[in-house]
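S.K.: Residue numbers (numbering that gives the first Met the number 0), protein chains in the order written: chain H, 0 to 168; chain U, 0 to 427.
Everything labelled a hint here was simulated from the structure, so no lab data went into it. Here a beta-carbon is modelled for each residue, glycine too, at the ideal position from N, C-alpha and C. A couple of the hints might just be wrong.
Derived DEER-like restraints, expressed as beta-carbon distance ranges [claimed, not checked]:
1) H/Pro70 with U/Thr374: 34 to 44 Å
2) H/Ala160 with U/Gly353: 38 to 48 Å
3) H/Glu108 with U/Gly343: 21 to 31 Å
4) U/Gly222 with H/Glu59: 31 to 41 Å
5) U/Asp156 with H/Arg156: 44 to 54 Å
6) H/Val1 with U/Lys248: 17 to 27 Å
7) H/Pro70 with U/Ala411: 39 to 49 Å
8) U/Phe66 with H/Pro70: 56 to 66 Å
9) U/Gly222 with H/Ser106: 49 to 59 Å
10) H/Val1 with U/Lys221: 46 to 56 Å
Covered stretches of chain U, going by a simulated chain H footprint (3 or more residues, C-beta under 8 Å) [to be verified]:
11) 10 to 20
12) 126 to 133
13) 163 to 170
14) 177 to 191
15) 224 to 237
16) 248 to 255
17) 324 to 337
Every beta carbon over 10 Å from chain H, so not counted as near; a handful from chain U, in silico [what the hints assert, rightly or not]:
18) Pro74
19) Tyr89
20) Ala138
21) Arg261
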Amino acid sequence: MVLSDELKQRIAAEFPKYPEKRAVLLTALHFIQAEHGGWIPPGAAAEVAALLEIPPIDVEEVISFYSLFHPEPVGRFHLQVCANLSCCLAGARKIVRTLEQALDIRSGEVTEDGTFSIAEVECLGSCGTAPMLQVNNEPYVENLDERSVLELVERLRQRAAAASSPGPR
Amino acid sequence: MAVVHYLLPPDGQNWSKLADYKANGGYAAAERALREIKPEQIVADVKASGLRGRGGAGFAAGLKWSFLPTDGRRPRYIACNGDESEPGTYKDRQILERNPHELIEGLLIAAYANTIDAAYVYLRGEYRVAYDNLRAAIAEAKEAGYLGRNVLGSGLDFEIHVHRGAGAYICGEETGLMESLEGRKGQPRKRPPFPAVAGLWRQPTIINNVETMSQVPHIVGKGVDWFKSIGTEKSTGNTIFGVSGCVMKPGAYELPLGTPLRDIIFEHAGGLRPGRTLKAVIPGGVSMPVLTAEAAMQVTMDHDNLQKNGTLLGTGAVIVMDDTVCMVRAALTIARFFRHESCGQCTQCREGTGWLHKLFVLIERGQATKRELDTIDEVCKFMEAHTICALSDAAAWGAGYFVRRFRPEFEAHIEQQGCPLDGVSFEV
Chain H
0 MVLSDELKQR
10 IAAEFPKYPE
20 KRAVLLTALH
30 FIQAEHGGWI
40 PPGAAAEVAA
50 LLEIPPIDVE
60 EVISFYSLFH
70 PEPVGRFHLQ
80 VCANLSCCLA
90 GARKIVRTLE
100 QALDIRSGEV
110 TEDGTFSIAE
120 VECLGSCGTA
130 PMLQVNNEPY
140 VENLDERSVL
150 ELVERLRQRA
160 AAASSPGPR
Chain U
0 MAVVHYLLPP
10 DGQNWSKLAD
20 YKANGGYAAA
30 ERALREIKPE
40 QIVADVKASG
50 LRGRGGAGFA
60 AGLKWSFLPT
70 DGRRPRYIAC
80 NGDESEPGTY
90 KDRQILERNP
100 HELIEGLLIA
110 AYANTIDAAY
120 VYLRGEYRVA
130 YDNLRAAIAE
140 AKEAGYLGRN
150 VLGSGLDFEI
160 HVHRGAGAYI
170 CGEETGLMES
180 LEGRKGQPRK
190 RPPFPAVAGL
200 WRQPTIINNV
210 ETMSQVPHIV
220 GKGVDWFKSI
230 GTEKSTGNTI
240 FGVSGCVMKP
250 GAYELPLGTP
260 LRDIIFEHAG
270 GLRPGRTLKA
280 VIPGGVSMPV
290 LTAEAAMQVT
300 MDHDNLQKNG
310 TLLGTGAVIV
320 MDDTVCMVRA
330 ALTIARFFRH
340 ESCGQCTQCR
350 EGTGWLHKLF
360 VLIERGQATK
370 RELDTIDEVC
380 KFMEAHTICA
390 LSDAAAWGAG
400 YFVRRFRPEF
410 EAHIEQQGCP
420 LDGVSFEV
């Protein structure tokens, strides 16, 4: 079982908003990703399909259609750099290069320890505050330059360290 | 005439909280409408106001509403388009983050006017702050009795649901949005039937952009004549121009339709960086044909004027490019976008967007001959007006017009087997 009972209940709680259970599919996949480290683990699709009473293939094709759904693991901090026109005009390429050097991976890869991944994405609607990136589904980090993006990486490293250190929770 | 701002709170203020929105006149229009105005009168007023859709196509909003059937079939829905993904566009985000009650009030009035049972705001999945602020505002509005059962004693039962998208540009296309909302791939539907007759779950549905709906309380509250006094005869009201690219002060500027593009770039957005000259401007998001600097200096930002000058208003997203920007690389970025975002349903689009991207890559690398420029023209012709939705046309216009309007630069790329400009200043 991939989906916990609690997660299934959260998904089912969305049903009354729509005339059909199928409409909850995107929401359900968002919930699953948020609970499973930013990606959709094997087996989840079949369980969602059962819950929504739709064929598993309908879930699989939705996962593959939308770029926010990841059937493969991404980093704990998935760094999505906008690489569309307005951001490129403002130096998005430099931001990607800086991240690649700082994390020693290429765009599209995950660091060995699983902490970071870099992706170049299409327009995120932050064109007047370019260049920018989004960490997971958090509020945007905007008006970046080479220095501020390195500071961001440092802050995220500290967050990762704080989360993994033993202590009171 | 001094510009009146009504859509966005002034000076970076945020009116997400109900108390702030109400302190600035919020919900007065809805209260009056639901208690005193007949639904048909509101539809007539929105029609008379000349309000045109702010999502890109510019279709008359009131006319769209009047296409709803009169056979009493229920439920009826509003699909509100907050998928905002057209590159260069970030205007709806300003409303969603800073003034979400304005949208809620617009949806409420539209629901009352059109006998709607529920509205779904389809929000692009990445917009986290917008999602949080809109959901909090809906909860507050419900608490205050602006949503729910028998709203303001009008007999209307009305709910608003926020639906998160998942990163697909095509879901901003109205029927792609509906497919996505229903839990499928966002592949556009063939029309007819049109959404007004068979939209969400094949029920009567009106679909309007976030900014379009947010205009409605102002039309109802301040009157049709007031609204028509702003803008031009056929492009009424203010809109939010999102300016980006090579300007000193990129940002979202609320201005009347019909504002000269020159003023937007050189007054509001602070002009170009020192020593630079203007080269090209996309006036309405990357789907719309690019303008040369010369043309850009002449146009006003309204539907008629832009159409007369060989482009369209689109989403009013102004992307400014100065003399350091390579047109081949700009076109390449746009072609890459459309290749990524084609839903794959129609051959012309699926294959054409791929071809266009490959051709621009060849030119950029200095591996093309002049024949490739003709091939681009041919591919563009085969992509226009042959598909279920307009994404294919948008790709052909957005990328193709760079070749049509800056051909000498493309030829220079081919002759010199690479970029004749300093290629480092603008990397893709």
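S.K.: Taking a Cβ-to-Cβ distance below 8 Å as contact, does the region 248 to 255 of chain U have at least three residues touching chain H?
M.R.: With 3 residues closer than 8 Å to chain H, the region 248 to 255 of chain U meets the three-residue bar; holds.
S.K.: Given the range 49 to 59 Å, decide if the beta-carbon distance of U/Gly222 to H/Ser106 lies inside it.
M.R.: holds, 53 Å
S.K.: Given the hint of 38 to 48 Å, check if H/Ala160 and U/Gly353 actually sit that far apart at their C-beta atoms.
M.R.: holds, 44 Å
S.K.: Look at the Cβ atoms of H/Glu108 and U/Gly343 and judge whether their distance stays inside 21 to 31 Å.
M.R.: For H/Glu108 and U/Gly343 the Cβ distance comes to about 26 Å; the hint holds.
S.K.: Counting residues of the region 163 to 170 of chain U whose CB is closer than 8 Å to a CB in chain H, do you get three or more?
M.R.: holds (count 6)
S.K.: At the C-beta level, are H/Pro70 and U/Ala411 separated by a distance inside 39 to 49 Å?
M.R.: holds, 44 Å
S.K.: Given as covered by chain H, does the region 10 to 20 of chain U meet the bar of three residues or more with CB within less than 8 Å?
M.R.: violated (count 0)
S.K.: Are three or more residues of the region 324 to 337 of chain U within 8 Å, CB to CB, of chain H?
M.R.: Three-residue rule met by the region 324 to 337 of chain U, so holds; n is 6.
S.K.: Decide, holds or violated, for the assertion that all CB atoms of chain H are farther than 10 Å from the CB of U/Tyr89.
M.R.: violated, 4 Å
S.K.: Say whether it holds or is violated: U/Ala138 keeps its Cβ farther than 10 Å from all Cβ of chain H.
M.R.: holds, 14 Å
S.K.: Are there three or more residues in the region 224 to 237 of chain U whose C-beta lies within less than 8 Å of some C-beta in chain H?
M.R.: Not satisfied, violated; 0 residues make the cut.
S.K.: Taking the CB of H/Pro70 and the CB of U/Thr374, does the distance hold inside 34 to 44 Å?
M.R.: At 36 Å between Cβs, range holds.
When each numbered hint is compared with the structure, violations occur for hints 4, 6, 8, 11, 15, 18 and 19.
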